[in-house]
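With the hints as constraints, model all of the structure from the sequences given.
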Amino acid sequence: MPPPIRRIAIDREPTVAPERPIANGLAQAPVTEAVARRRSERPDPATVRERMRVDAVWLAYGENWVVRDVTLPVRQGEVLAMIGASGSGKTTLLRSLNRLTEVTAGGSRAGRITLDGEEIHELEVNDLRRRVSMVFQQPNPFPMSIYDNVAYALAEQRPPRGRRRRRTPQLEAAAEDALRRAGLWDEVAGDLDRSALRLSGGQQQRLCIARALAVKPEVLLMDEPTSALDPLSTLKIEELMEHLAVDFTVVIVTHNLQQAARVSEYTAFMLGDERQVGGLVEFGPTDKIFTHPVDPRTEDYISGRMG
Amino acid sequence: MARRTGRREDQRAERTLGALAVGLLALIGVMVVIVFVNAWPSFRSNGLSWFGPGGNVDTQLRAMQESTPLPGHSIEYFRGWPLLWGTLLTTVLAVVLALIVSTLAAIFLTEFAPERVRRALEPVIRLLAGVPSVVYGLIGILALAPLINQHLISNARKQSVAYVVQLNGADLTTATLILAVMITPIMVALIAGALGSVPEPWREGSVALGVNRWRTIVRVSLRTARPAIVAATVLATARALGEAIMLSMVSGGRGFAANPLDGLTFLFEPVRPLAATIVQQSDGLTIAPLAHTIYAMAAVLLVSAALLSLAGWAAKQPLRRYGIRA
Amino acid sequence: MSETATVATAPPVAVRPPRQSTAAWPLADRVGYWLCWTTGIALCLIAVAIVVFMLVKGVAYLRPALFVEHPAASLQQSQSGGFLDPIEGTLIITAIGTLIAAPAGVALAVWISEYGRPTALARAVESAIDVIAGVPSVVLAIFGLLVFSEGFLGFLSQNAANGAVYGRSFFAAGIVMALLALPLIVGSTREALAQVPDRVREASYALGKSRASTIRWVLLPSIRPDIASGIALGMGRIIGDTAIITILLGVTLTTQGVGSTPLLGTLRGTGSTLTSYVYNNSPAGEGNAPQKAYAAAFVLLMLVLALNALVTRLTAGRRSDRASIGGRLRAIGGSLPWTR
Numbered sequence: 004m005p006p007p008i009r010r011i012a013i014d015r016e017p018t019v020a021p022e023r024p025i026a027n028g029l030a031q032a033p034v035t036e037a038v039a040r041r042r043s044e045r046p047d048p049a050t051v052r053e054r055m056r057v058d059a060v061w062l063a064y065g066e067n068w069v070v071r072d073v074t075l076p077v078r079q080g081e082v083l084a085m086i087g088a089s090g091s092g093k094t095t096l097l098r099s100l101n102r103l104t105e106v107t108a109g110g111s112r113a114g115r116i117t118l119d120g121e122e123i124h125e126l127e128v129n130d131l132r133r134r135v136s137m138v139f140q141q142p143n144p145f146p147m148s149i150y151d152n153v154a155y156a157l158a159e160q161r162p163p164r165g166r167r168r169r170r171t172p173q174l175e176a177a178a179e180d181a182l183r184r185a186g187l188w189d190e191v192a193g194d195l196d197r198s199a200l201r202l203s204g205g206q207q208q209r210l211c212i213a214r215a216l217a218v219k220p221e222v223l224l225m226d227e228p229t230s231a232l233d234p235l236s237t238l239k240i241e242e243l244m245e246h247l248a249v250d251f252t253v254v255i256v257t258h259n260l261q262q263a264a265r266v267s268e269y270t271a272f273m274l275g276d277e278r279q280v281g282g283l284v285e286f287g288p289t290d291k292i293f294t295h296p297v298d299p300r301t302e303d304y305i306s307g308r309m310g
Numbered sequence: 255m256a257r258r259t260g261r262r263e264d265q266r267a268e269r270t271l272g273a274l275a276v277g278l279l280a281l282i283g284v285m286v287v288i289v290f291v292n293a294w295p296s297f298r299s300n301g302l303s304w305f306g307p308g309g310n311v312d313t314q315l316r317a318m319q320e321s322t323p324l325p326g327h328s329i330e331y332f333r334g335w336p337l338l339w340g341t342l343l344t345t346v347l348a349v350v351l352a353l354i355v356s357t358l359a360a361i362f363l364t365e366f367a368p369e370r371v372r373r374a375l376e377p378v379i380r381l382l383a384g385v386p387s388v389v390y391g392l393i394g395i396l397a398l399a400p401l402i403n404q405h406l407i408s409n410a411r412k413q414s415v416a417y418v419v420q421l422n423g424a425d426l427t428t429a430t431l432i433l434a435v436m437i438t439p440i441m442v443a444l445i446a447g448a449l450g451s452v453p454e455p456w457r458e459g460s461v462a463l464g465v466n467r468w469r470t471i472v473r474v475s476l477r478t479a480r481p482a483i484v485a486a487t488v489l490a491t492a493r494a495l496g497e498a499i500m501l502s503m504v505s506g507g508r509g510f511a512a513n514p515l516d517g518l519t520f521l522f523e524p525v526r527p528l529a530a531t532i533v534q535q536s537d538g539l540t541i542a543p544l545a546h547t548i549y550a551m552a553a554v555l556l557v558s559a560a561l562l563s564l565a566g567w568a569a570k571q572p573l574r575r576y577g578i579r580a
Numbered sequence: 004m005s006e007t008a009t010v011a012t013a014p015p016v017a018v019r020p021p022r023q024s025t026a027a028w029p030l031a032d033r034v035g036y037w038l039c040w041t042t043g044i045a046l047c048l049i050a051v052a053i054v055v056f057m058l059v060k061g062v063a064y065l066r067p068a069l070f071v072e073h074p075a076a077s078l079q080q081s082q083s084g085g086f087l088d089p090i091e092g093t094l095i096i097t098a099i100g101t102l103i104a105a106p107a108g109v110a111l112a113v114w115i116s117e118y119g120r121p122t123a124l125a126r127a128v129e130s131a132i133d134v135i136a137g138v139p140s141v142v143l144a145i146f147g148l149l150v151f152s153e154g155f156l157g158f159l160s161q162n163a164a165n166g167a168v169y170g171r172s173f174f175a176a177g178i179v180m181a182l183l184a185l186p187l188i189v190g191s192t193r194e195a196l197a198q199v200p201d202r203v204r205e206a207s208y209a210l211g212k213s214r215a216s217t218i219r220w221v222l223l224p225s226i227r228p229d230i231a232s233g234i235a236l237g238m239g240r241i242i243g244d245t246a247i248i249t250i251l252l253g254v255t256l257t258t259q260g261v262g263s264t265p266l267l268g269t270l271r272g273t274g275s276t277l278t279s280y281v282y283n284n285s286p287a288g289e290g291n292a293p294q295k296a297y298a299a300a301f302v303l304l305m306l307v308l309a310l311n312a313l314v315t316r317l318t319a320g321r322r323s324d325r326a327s328i329g330g331r332l333r334a335i336g337g338s339l340p341w342t343r
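Protein chains in written order, with this note's numbering: chain R, 4 to 310; chain U, 255 to 580; chain C, 4 to 343.
Simulated from the structure, these hints should not be mistaken for laboratory data. A portion of the hints provided could be inaccurate.
Covered, in the sense of this in silico footprint (three residues per stretch, anywhere, with C-beta under 8 Å from a C-beta of chain U), are these stretches of chain C [said to hold, decoys possible]:
1) 109-121
2) 125-131
3) 141-148
A partial selection of chain C residues facing chain R, derived with a Cβ cut-off under 10 Å [said to hold, decoys possible]:
4) P15
5) V16
6) A26
Please read all numbers here as calculations on a predicted model, not as lab measurements. Glycine included, C-beta positions come from ideal geometry on N, C-alpha and C.
Below, the structure written as structure tokens:
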């Protein structure tokens with residue numbers, strides 16, 4: 004008897020993308036109802052608030068430029084997908100949004116990146132990172148229990164008076180909320196004290212998402228969150244992303260063009276390699292980029308002729 | 255053909271090596287048995303009071319050496335509390351001090367120190383870890399003890415206890431300090447090594463959640479390095495317990511139970527731990543009662559070492575379920 | 004609408020982000036941060052101070068003559084000779100200890116790692132080696148004294164006046180010293196063997212070689228540097244130990260041979276080593292010649308330095324990232340109890 008299939012608690016049927024080689028073009032990439040509805044109901048771009056803005060940003064590590072003159076808006080309540088081949092600088096650009104590039108020695112930047120209008124270099128860095136949260140490519144749960152992982156950043160924040168406590172009713176409620184949003188609650192509710200490392204790869208990644216959501220960030224950065232996972236887990240997380248976009252702003256870097264076409268409203272295509280510093284080639288609404296790209300390089304990439 | 259001779263060759267090799275292994279096992283077994291067998295008479299005569307206080311340890315030992323029992327007691331009379339207390343004090347104080355200093359220094363080395371400082375310090379620490387204990391003893395007795403004697407122990411203090419014991423700088427403080435200095439390099443190296451091996455994704459994940467570096471170190475790095483910290487502590491305690499020569503040089507040489515009720519003077523009273531006593535009394539192994547007493551001390555050391563090993567193993571178990579392996 | 008990137012102009016001047024300040028941290032965290040800094044700096048200073056102190060004192064009192072003069076008993080430092088005999092003693096003891104421990108250690112490690120049957124026996128032997136590593140050297144020493152005072156081992160030392168076996172000699176001390184070095188050699192060899200991938204062994208077996216041949220011709224040669232470094236570490240431990248010398252070498256100032264056989268006579272006799280020399284010349288011993296003590300301590304330090312450098316060179320190319328605690332311990336010259 005096969006084990007029972009657990010469903011994520013959503014009220015829509017998930018759509019499974021049919022096998023289709025990229026070369027056929029993505030004009031017919033299927034989208035779920037939710038995304039389609041969201042796209043059709045999209046308000047006038049001019050009225051949507053910009054959450055973050057990348058303004059003529061150049062990034063370098065030491066002496067080498069990695070990203071060249073990128074300007075991008077990150078709009079409230081929308082999913083922005085960054086696509087491009089390896090080495091195009093999209094991951095570096097993503098990491099600069101929460102100043103993670105500073106952790107590596109020699110990272111430097113020119114240009115402006117703002118969050119809600121404020122230059123992020125002037126914000127307190129830990130404060131910034133609580134507002135702009137990140138999920139990594141390889142799931143990296145801490146060697147602690149599931150509860151401790153999810154409540155990790157929350158437990159670090161001190162209440163106005165008194166000491167930090169590990170388990171309070173508020174923290175437990177917040178952890179449950181985050182786990183629900185990440186679609187993991189049903190699977191782990193039984194034993195939150197289990198070691199997080201015993202979860203499967205897909206579950207670990209959802210745990211990391213829950214962990215990032217627990218601090219109620221304003222922007223969620225995702226660096227190829229499903230590239231290390233199996234297709235089923237990938238699917239579950241993509242479904243997750245649709246719901247996330249309702250409350251958060253999401254920026255996702257992905258190699259998977261179908262994924263980008265499915266989940267995002269706006270797409271940015273970046274290009275770069277050893278000979279050429281990474282730069283932004285084209286930016287626009289997803290359906291536009293995937294059906295009528297302006298730049299021939301974009302069209303080449305999307306139809307699989309290169310990259 | 256090659257197969258068959260090969261197998262015979264293998265059997266021969268396995269048997270020879272196996273015999274060696276059994277021989278070693280037998281040797282250790284014999285050692286443990288001999289120590290306990292020779293220690294038994296002393297324990298039997300004194301019972302549990304062997305571990306208790308009662309008179310001057312040095313007098314008792316000298317009585318055994320001269321084969322003249324103390325009035326009212328048997329020749330085997332021995333109350334080892336001052337030695338046990340001395341061992342406990344020096345070991346625990348030195349290990350606690352070294353643990354705190356080593357952990358802080360290891361964090362400094364792996365997280366905050368500039369690269370050049372780190373690279374310069376590594377060979378220095380390795381050198382210090384290998385310095386023979388007699389050299390540390392020399393520094394202690396020739397440099398540190400006079401310093402303490404001159405600057406920290408006032409004449410008034412010396413007068414106050416002069417009727418019982420002489421304060422001359424070779425005392426609990428010197429012993430503890432030198433012992434701590436002796437065991438710190440190894441602890442620093444071990445803990446720093448473990449801190450440096452904390453997987454980068456964990457540290458990056460914590461920082462990306464907006465947790466500052468210090469809290470990341472405390473909650474992620476130190477937790478991951480806990481098995482190494484435990485191992486380092488156990489190793490350091492074992493070394494401190496067994497340290498005979500250095501302590502016999504700097505700890506005061508008097509089997510005196512330092513009295514914490516003496517206030518600050520307590521820090522400057524001489525002590526003599528078990529291992530140091532064994533070294534100093536080693537000439538007397540031909541005299542039966544003295545030999546039994548010395549073996550009894552050795553038995554105490556052996557049992558402590560075994561308990562230490564057990565404690566170390568037990569301390570590492572709870573973390574295994576969370577995926578932190580030694 | 005889609006936008007395309009504007010043509011890039013010359014790259015502007017990039018700005019390093021501001022150094023991460025701890026100003027915004029809570030007080031407790033800042034205290035921790037500064038505690039680490041102060042402890043770290045203090046440790047650096049103390050370490051450097053110790054090394055410099057020993058160097059200064061050593062250089063002040065060390066004269067080449069000391070290396071070639073025999074020590075003599077005298078109340079005056081200028082008359083008490085040099086430390087030729089102690090150096091001899093150190094060399095002899097180290098040689099005996101290493102000669103016994105090295106083959107035995109490698110053999111034991113090979114047995115545990117490659118044969119190891121029955122499993123219970125292998126576990127017991129591993130524990131026994133841990134026990135040796137953890138036992139204080141004084142306990143080993145008095146045990147050794149007991150053993151070597153037995154009649155049938157009298158050939159290893161001399162007979163005292165009343166016919167009892169003296170039990171103290173170079174042989175006795177050297178053999179017990181071998182026990183000190185054993186865990187280090189066993190540990191190094193075992194770790195090195197564990198790092199050799201199984202496919203090397205399988206390839207050899209597939210060619211029809213027996214296990215013994217594989218070990219002898221394939222495995223051991225490939226881990227030579229690790230065995231050498233283990234031996235160097237063991238030598239370091241032997242050189243540095245004083246307790247066993249004090250109890251088992253029958254500390255006489257000069258090397259006193261027994262009987263007339265050239266080598267055997269010396270080994271059956273008593274003497275001193277650098278460590279016991281330092282001990283005796285310090286205020287704790289009888290000599291009270293601190294200058295000589297400093298000079299001898301300096302020589303000891305140089306020996307340790309040389310051995311450390313040797314170990315570093317031997318293990319230079321072989322440090323792996325996932326070094327176990329045991330490996331790290333050995334790398335800094337310690338022993339390895341309770342590393343599991």
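Here's how the hints hold up against the structure:
no.: 1; hint: 109-121; result: holds (count 7)
no.: 2; hint: 125-131; result: holds (count 4)
no.: 3; hint: 141-148; result: holds (count 7)
no.: 4; hint: P15; result: holds (5 Å)
no.: 5; hint: V16; result: holds (6 Å)
no.: 6; hint: A26; result: holds (9 Å)
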